[in-house]
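Undergrad: These are the residues of each chain, in order.
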Amino acid sequence: MDNFEPKIIGFFCNWCTSAAADLAGTSRLHYPSNIRPIRVMCSGSVDMSYILRSLFQGADGVIIGGCHPGDCHYVNGNFKARRRVVLLKNIMRSLGLEEERVWLRWISASEGKKFAETMNEITEKIKALGPNKMGTLNQT
Amino acid sequence: MIKQYSGDKEKALRTFIKELFEKNIINAAFLPIKQGETAFPALITSAEAVETSALFLPVMPVSSATQLVRLTHEEPLHKTTIAFLRPCEMRAAVELIKLNQIKTDNLIFVGVDCEGTYDAKDLEKNDIREVCKICEFPETLTGDIKLAHLGLDSIYLTPISNKGQDLLEKTGNLEDNSNIEKEHNDYIEKIKKEHLLLKETFLKEKYEEVKGLENLQKYFETCINCHNCMQQCPICYCHECFFDSRAFYFKSEQFITSAKRREALKFPTDTLLFHIGRMNHMVLSCVNCGLCEQACPMDIKVGQLFTYVNAHARDEFGYVSGKNIEDELPLTTYREDEFKNVGEK
Ligand code: SF4
Ligand code: SF4
Ligand code: SF4
Ligand code: FES
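For the protein sequence lines, the chains are A and B, in the order given. Position in the first sequence (first residue = 1) + 2 = our numbering. Position in the second sequence (first residue = 1) + 45 = our numbering.
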C-alpha cells in the first residue's frame, strides 16, 4: 500500500479556488497530481449526489473549494454548501461510511499557497486512509 | 375549550361532518372512506356521502398530504374545506406548505390522534407497522383543530388556531372539560414514553444492522430501483426526480470503466446512490411515516432506515420535521456563525 496514489476529485468554485489553483500553477507551487479538478460556478451549485457518485466511481477523496464566508459571488452559496456537507457527513456517519473522505475548504483566488498546502494535506490524509472501498463494490 | 360528540367514534365523526354540511359551514370534506378492506382519502361534498367514512380504520395506503398537493396545485380551494389528517400526514403537510406545495386558503386542517396503522398490503398481519411502534407523535402538533379520541370513549375537538376556533364556534357552544383533557394527555404521554423507549433501542439496533458498506449493500441487495419509495414519499414532491433525470444516463464506455474497477458491476446501477442521494435531499423533512416502505415491492425496510437517519440529522440541525410552520427548512437557510469545523481546518 506504500505506493497507493489516491484519486481525489476537487469541485472548485470558478471565482476562487479554481483561480487559486491557476495561481499555484503559475507560481510554481508544487501540489500533487492526485487532484482532479472540476470547475463549478459556485460551491453552492454542487449537489451532494455528485460527491457520492465520485465516491462510488473510484474517487478516494473529494474536496469542495469555495469562497470565504461573505465572499460568495452568489451571496450565500458557500453557506448553503456548508449545510449540505454537514448533512452529507452526518448521513455517512449514521451509515458507518468514511465521512473523512469528504472535505470542504474556503480558498480565495489570491491564496495560491493555501491551495497548494491544502492539496498536499488532503492527499496525505487520504493516503493514510487507504483506498475507498465504495469504489470497488459491485453494487453502486 | 372542547366540542364533544358522543357515542361510537366513527358515528360521532359523521354527526360532526353532517352538522357542518347542514349548517353550511363547509363546502367539502377530505377524509378517508371505505374502499374494500381498506380506506382511501376522498373528497365529499354532501352530508349523505359521509356514511362511508372510515377515519378510524387503522390503515394509510397513501399520504393525504400528497393528495392535498394535487388538490390545490392549480388553484387554492374557493370555499371552506375540512381535511382530516393523521399526525404524520399533518407533519408532512407542514413540510409541504413550507415547500410551497400546498395552498392553504380555505383549508381547515384537523389533526387526528393515531396509535399506528397496519400495512395496507398485508392487513392480515395482526400488528401495526414497525415505524408506528416508534412514532413519537400520536397526537397532532399543528393544524386548526385537534381531534382527540385515544384513551377516550368518543371524539373531542379542540381548536388550535383562530380558523379552527371560528369553525367550531359556528357549530354551537364549546365546553370547558379539563377532565377529558387530562385523561387524554395522560394517555398520549404514556404512548409517547413507550414509543420513545422503543425508538432508542431501534436506533441502536439499526446502526448495527446497517453500518458499513457490506451491511448497507445487504440492506438494499434486492432493490429493483423502481423508485416507488420516492413516488409515495410525501416529502419527495419533485415533478421530475433528479434521480430519474438524464444526469444518470452514461455512455457504455463509462459502464465498462466502472465495471473494470470491481468484480462485477451490478445492474440496475446507482441504487445506493439513489437512496443516499435522496436522503441528502429530504431526510431532514422525513416525517417517519413509512409510506416508502409500505410501497416497496421487495420489502426493503427503507422507511426504517430513513427514520433512523432522520433521528441523527434532526439532532445535528435541531430541526424536527413538521413540528412548527415557523421553523425554517434547514437547507434553505444558514447562519454565518455555525459548523465552523467544516470549511476551516
Ligand atoms: S422517507 Fe419514507 S418515512 Fe420518510 S417521509 Fe418519506 S415516505 Fe415517509
Ligand atoms: S429524491 Fe430529491 S429530486 Fe428526487 S423527488 Fe426526492 S427530493 Fe426530489
Ligand atoms: S421501492 Fe424498494 S425496490 Fe423500489 S427503489 Fe425503493 S427500495 Fe428499491
Ligand atoms: S461563488 Fe465561490 S462559493 Fe459561491
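Some clues are possibly wrong.
Derived list of chain B stretches under chain A, where covered just means 3 residues or more per stretch with a C-beta under 8 Å from a C-beta of chain A [as the list claims (entries may be wrong)]:
1) 255-265
2) 344-357
Below, simulated DSSO-like cross-link-like pairs (lysine-lysine); rule was C-alpha separation at most 30 Å, straight line [said to hold, decoys possible]:
3) B:K208 - A:K135
4) B:K305 - A:K135
5) A:K135 - B:K235
6) A:K9 - B:K238
7) A:K9 - A:K82
8) B:K368 - B:K256
9) A:K82 - B:K235
10) B:K148 - B:K251
11) B:K170 - B:K124
12) B:K251 - B:K170
13) A:K82 - B:K305
14) B:K143 - A:K129
15) A:K127 - B:K256
16) B:K235 - B:K263
17) A:K127 - A:K9
18) A:K135 - B:K170
19) A:K82 - B:K143
20) B:K227 - B:K237
21) B:K56 - A:K129
22) A:K135 - B:K346
23) A:K129 - B:K385
24) A:K135 - B:K251
25) A:K9 - B:K249
26) A:K9 - B:K56
27) B:K368 - A:K82
28) A:K135 - B:K256
29) B:K263 - A:K135
30) B:K170 - B:K56
31) B:K56 - A:K135
32) B:K263 - A:K129
33) B:K385 - B:K143
I should point out that these hints are in silico values taken from the structure, not numbers from a laboratory. Positions of the beta carbon are idealized from the N, C-alpha and C atoms, including for glycine.
Undergrad: If a hint holds in the structure, say so; if it doesn't, say that too.
TA: Hint-by-hint comparison with the structure:
{"no.": "1", "hint": "255-265", "verdict": "holds (count 8)"}
{"no.": "2", "hint": "344-357", "verdict": "holds (count 3)"}
{"no.": "3", "hint": "B:K208 - A:K135", "verdict": "violated (55 Å)"}
{"no.": "4", "hint": "B:K305 - A:K135", "verdict": "holds (14 Å)"}
{"no.": "5", "hint": "A:K135 - B:K235", "verdict": "violated (45 Å)"}
{"no.": "6", "hint": "A:K9 - B:K238", "verdict": "violated (49 Å)"}
{"no.": "7", "hint": "A:K9 - A:K82", "verdict": "holds (26 Å)"}
{"no.": "8", "hint": "B:K368 - B:K256", "verdict": "holds (29 Å)"}
{"no.": "9", "hint": "A:K82 - B:K235", "verdict": "violated (40 Å)"}
{"no.": "10", "hint": "B:K148 - B:K251", "verdict": "violated (37 Å)"}
{"no.": "11", "hint": "B:K170 - B:K124", "verdict": "violated (41 Å)"}
{"no.": "12", "hint": "B:K251 - B:K170", "verdict": "holds (22 Å)"}
{"no.": "13", "hint": "A:K82 - B:K305", "verdict": "violated (36 Å)"}
{"no.": "14", "hint": "B:K143 - A:K129", "verdict": "violated (43 Å)"}
{"no.": "15", "hint": "A:K127 - B:K256", "verdict": "holds (23 Å)"}
{"no.": "16", "hint": "B:K235 - B:K263", "verdict": "violated (36 Å)"}
{"no.": "17", "hint": "A:K127 - A:K9", "verdict": "holds (12 Å)"}
{"no.": "18", "hint": "A:K135 - B:K170", "verdict": "violated (39 Å)"}
{"no.": "19", "hint": "A:K82 - B:K143", "verdict": "holds (18 Å)"}
{"no.": "20", "hint": "B:K227 - B:K237", "verdict": "holds (15 Å)"}
{"no.": "21", "hint": "B:K56 - A:K129", "verdict": "violated (69 Å)"}
{"no.": "22", "hint": "A:K135 - B:K346", "verdict": "holds (24 Å)"}
{"no.": "23", "hint": "A:K129 - B:K385", "verdict": "holds (25 Å)"}
{"no.": "24", "hint": "A:K135 - B:K251", "verdict": "holds (22 Å)"}
{"no.": "25", "hint": "A:K9 - B:K249", "verdict": "violated (34 Å)"}
{"no.": "26", "hint": "A:K9 - B:K56", "verdict": "violated (66 Å)"}
{"no.": "27", "hint": "B:K368 - A:K82", "verdict": "holds (22 Å)"}
{"no.": "28", "hint": "A:K135 - B:K256", "verdict": "holds (14 Å)"}
{"no.": "29", "hint": "B:K263 - A:K135", "verdict": "holds (15 Å)"}
{"no.": "30", "hint": "B:K170 - B:K56", "verdict": "holds (27 Å)"}
{"no.": "31", "hint": "B:K56 - A:K135", "verdict": "violated (59 Å)"}
{"no.": "32", "hint": "B:K263 - A:K129", "verdict": "holds (28 Å)"}
{"no.": "33", "hint": "B:K385 - B:K143", "verdict": "holds (27 Å)"}
Hints 3, 5, 6, 9, 10, 11, 13, 14, 16, 18, 21, 25, 26 and 31 from the earlier list are contradicted by this structure; the remaining hints agree with it.
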